[in-house]
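In terms of the working numbering, the sequence shown is residues 1 to 173.
Take these hints with a grain of salt, some might be off.
With a straight-line Cα cutoff of 30 Å, these simulated DSS-like cross-link-like pairs (lysine-lysine) come out [as the list claims (entries may be wrong)]: (1) Lys42 / Lys120; (2) Lys130 / Lys42; (3) Lys83 / Lys120; (4) Lys83 / Lys42; (5) Lys120 / Lys130.
Because the hints were derived from the structure by calculation, they are not lab data.
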Amino acid sequence: MSEHSLRVLLSENQIRARVREIAARIDADYPDGVLCLIGVLKGSCIFLSDLVRAIRRPVRFDFIGASSYGAGKASSGSVQITKNVEMPLEGCDVLLVEDIVDTGITLTHLLRRIERHRPKSVRVAALLDKPERHQRPVDIAYLGFSIPDRFVVGYGLDYAEDYRGLRDICLLD
């Protein structure tokens with residue numbers, strides 16, 4: 001891991017404050033019933049955990065696994081499902097929780113998959129978005145931060161499985 005240079009892009013405090021703001025908006029938008037959160041593995045795991053603890057209403061959560069990067073820095077453009085949702089979603093308000101939206105290809109694929117479960121509603125919460133990279137239109141209802149087209153690690157995001165445990169989000173040079 002030491003061969004890479006890291007520079008903090010978003011501090012732990014900035015992330016924590018933004019997660020609380022997003023949770024407050026979610027609470028306001030979903031005043032009744034149970035909200036079902038679906039975290040996209042592995043990168044969203046820390047964001048999902050912090051979001052679940054900040055939301056003040058009943059929530060359930062599950063995970064879906066998808067990969068389009070492998071061990072590299074660039075998306076392959078092909079989405080592979082590595083884990084399916086096991087929780088029933090029919091009639092539920094669903095929030096798909098992403099670590100980062102890049103091209104929008106994975107997100108579009110996952111939304112289509114979730115729609116097949118006939119949920120009451122589906123929205124997206126994403127910690128990070130790289131709008132200049134979008135190849136598909138994306139609608140992010142709850143966005144943490146828009147960032148430049150740079151490779152980032154930390155707070156669940158990795159490079160070849162390294163750096164996920166960093167408390168800050170860092171640029172990987």
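For each hint, the structure was consulted:
With a C-alpha separation of about 26 Å, the suggested pairing of Lys42 with Lys120 holds against the 30 Å cut-off. Between Lys130 and Lys42, the direct Cα distance comes to roughly 19 Å. Compliance with the 30 Å bound is thereby established for this hinted pair. Note on Lys83 and Lys120: the hinted pairing holds, with a Cα-Cα distance of about 22 Å set against a maximum of 30 Å. Note on Lys83 and Lys42: the hinted pairing holds, with a Cα-Cα distance of about 10 Å set against a maximum of 30 Å.
A hinted pair counts as satisfied when its Cα atoms are at most 30 Å apart, and Lys120 with Lys130 qualifies at roughly 28 Å.
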